[in-house]
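Trainee: Which chain is which? The protein sequence lines are A and B, in order.
Here the first sequence stands for residues 92 to 469, where the numbers follow this note's numbering.
Here the second sequence stands for residues 195 to 513, where the numbers follow this note's numbering.
None of these hints come from the bench; they were simulated from the model.
Heads up, a few of these hints could be off.
Quick look at which bits of chain B chain A covers, simulated, 3 or more residues with Cβ under 8 Å [unchecked claim]:
| no. | region |
| --- | --- |
| 1 | 268 to 277 |
| 2 | 288 to 298 |
| 3 | 301 to 315 |
| 4 | 454 to 460 |
Note that the Cβ used here is the ideal one computed from N, Cα and C, for glycine as well.
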Amino acid sequence: MSPRRLFAMAFKEMLQIWRDPHSLAIALLMPMMQMVLLGYGISLDIRGVPLCIYDQERSQTSRALVQRFVASDWFTGVRVLDSDRAVREVMDNGDCAGVVTIPVDFSRVFTTTGSGPVQAVFDATDSNTTNIAIGYAQGVVALTTADFEMRWAQAHGLLPRTVGAVDFQPRVWFNEGLESSYFIIPGVVAVILALVGAQLTSLTISREWERGTMEQLISTPVTALEVMLGKIVPYFLIGLFDAIFCLLAAIFWFHVPFRGSIVLLALTTALFTVVVLGIGYLLSVRIRSQLGASQIALILTLLPTTMLSGYTFPIDQMPAPIRAVSLLVYARYYVTILRAVFLKGSSALDLLGPILALALYALAIVWIAARAFRKSLD
Amino acid sequence: MTGNAPPAVVAEGLTKRFGAFTAVDGLDLTIATGEVVGFIGPNGAGKSTTIRMLCGLLRPSAGRASVAGFDVGRQPEAVRAHIGYMSQKFSLYGDLTCRENLRFFGGIYRVPRPVMEERIRFAIAMAGLEGREDRLVSTLAGGWKQRLALGCAILHRPPVLFLDEPTSGVEPEARRRFWDLIHTLAAGGVTILVSTHYMDEAEYCNRIALIDAGRLVAMGSPGELRGLDLGGALFELGGVAAGAALAALREMPGVIEAAIFGDRLHVLVRDAATAERMGPFLKRRAVEPGALRPIAPSLEDVFVRLVARRSEEEEGGGA
Chain A
92 MSPRRLFAMA FKEMLQIWRD PHSLAIALLM PMMQMVLLGY GISLDIRGVP LCIYDQERSQ
152 TSRALVQRFV ASDWFTGVRV LDSDRAVREV MDNGDCAGVV TIPVDFSRVF TTTGSGPVQA
212 VFDATDSNTT NIAIGYAQGV VALTTADFEM RWAQAHGLLP RTVGAVDFQP RVWFNEGLES
272 SYFIIPGVVA VILALVGAQL TSLTISREWE RGTMEQLIST PVTALEVMLG KIVPYFLIGL
332 FDAIFCLLAA IFWFHVPFRG SIVLLALTTA LFTVVVLGIG YLLSVRIRSQ LGASQIALIL
392 TLLPTTMLSG YTFPIDQMPA PIRAVSLLVY ARYYVTILRA VFLKGSSALD LLGPILALAL
452 YALAIVWIAA RAFRKSLD
Chain B
195 MTGNAPPAVV AEGLTKRFGA FTAVDGLDLT IATGEVVGFI GPNGAGKSTT IRMLCGLLRP
255 SAGRASVAGF DVGRQPEAVR AHIGYMSQKF SLYGDLTCRE NLRFFGGIYR VPRPVMEERI
315 RFAIAMAGLE GREDRLVSTL AGGWKQRLAL GCAILHRPPV LFLDEPTSGV EPEARRRFWD
375 LIHTLAAGGV TILVSTHYMD EAEYCNRIAL IDAGRLVAMG SPGELRGLDL GGALFELGGV
435 AAGAALAALR EMPGVIEAAI FGDRLHVLVR DAATAERMGP FLKRRAVEPG ALRPIAPSLE
495 DVFVRLVARR SEEEEGGGA
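Sequences are here, hints too, so could you generate the full structure?
Mentor: Below, the structure written as structure tokens:
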């Protein structure tokens, strides 16, 4: 390999990128747009579930319960209904995710037995949200119950019940506030890099074929390796710029805590960038049209990285065959590394598995890509 | 032509098949160092395919070739380092300036740095691009583009140049200039194989290789080719309604071939007696006979005849 030829190749490629401001703008703005869209668009936190309450009793006790729901963060637009028909209506037209019904004899039964039944129906078309909403409702009811019990005990001159309860004190590590964005955002960075990276290089070789410049190029002594490196190096710089932008946005805009090593982050990001650019280059070599190559690059990267990288859908919850397929999805290793470096401050040793997998991937892709390009018109 | 120097280009039985189609069929060719050889033939004759094989861009299906002493199949990189190539379709980078294109190819060919600027200046002067060095190539007119492409192809001073229809689509004045450049390079000892379908350009070559349907039909200097036996005598028929006369003469016994050249006809007849009967024959067919005079065959006459004879032989052999 000749450094002189490599430089000539890379310099020419940079000039061409520079002369094409539209493509350059896309290469730099796309990640920013995607960061905003995916960063804000995807949230697993469920807040402000719309809830209705049918208070049949309208007593002081029942109103206290209603008030608890109204005051809660988890529910919004709490509406008080006044008939069974209204309950059906709001459930049918989807105005409410659920209706809590306080029976007409609620406080009487409560006062006599110390336990009052409250019924709730939920719209489970979105089962995940419903599950969480039920949990929230149970929480609100539990707090209210404790309050009532206290008052009931005092009213009857008894001590509140203190025996027989397990004092469960959960602590969550690495994401103390249980912010789903901490989990999502590092994954978003990986997905964006995978998408944009493959797009960048998918056009490089096919462009030379389409413009007819390839025939001249391959009539020179330039080697396949020099062509590949000369094409990838400029896009590596753009890819790194995109990566730095996304990572800074994750830290300073989305406030994902960064607890790990910057060096480890930089090295693994560079490794991942090599993989995604190599994939795009390989496609560009194999498919001689720009449109075809970029379309295939999109299809090949979009679905696997969004569905199988574990960035929203946990891989360990997938059926075994799908889990096996996900081993091929290079983005999953970078997602794992990013999350661990960001939230846990993991070391290279902790992440040996995913780092090796990524390195293996990079080697394989570069090896295949370097051999894929033939200086021939055959 | 330098006496004992090894030939710059040798092809033996060079063949290229694309599936069932044979584009180049057992081509033998020897080009001496310093020669300018014109590659002439109709579209699809196999000119580009042959040149691409000689440049190592296409792998021969059979036969062998060597360029500048290197085997095309076994040492393609050595061949590439010793040739300059201009493809049929313009293939410099339109979004780069003239100077940037030259720099790029200079770097790719590893032109020694101390002489790089001088070579670029030379190429720019040669192409007549002074003052346009920093214009984007896509904004240049055809003739300049072609001369710049030639400039890029000779930056590394290759001993052998392959030019594939370098003047197609270029205005006559620019074509003339381009051929002057070719002869300047040849005078410096560069061997040049240039394909063209302009007959007048054939006259600028030391030797001409006529190729048709993938085979070498004839090879020689323009004078040698003009002197080839066409199998009859050639006459020019002027002052006639060319279309009607052509239709009539094609049915006349003793006429081997008739073709329209501008407003005249070139008629190849078996003997002088046939020529004498031509006037009365045309009259009988209600065509006003014009002035008939014997002429020496032009290169074009020779090519038309050789190609026609070859396809007649083909058909005869096939039947």
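Trainee: None of the hints should be skipped; say for each whether it holds.
Mentor: Going down the list of hints, with the structure as the test:
no., hint, result
1, 268 to 277, "holds (count 5)"
2, 288 to 298, "holds (count 6)"
3, 301 to 315, "holds (count 4)"
4, 454 to 460, "violated (count 0)"
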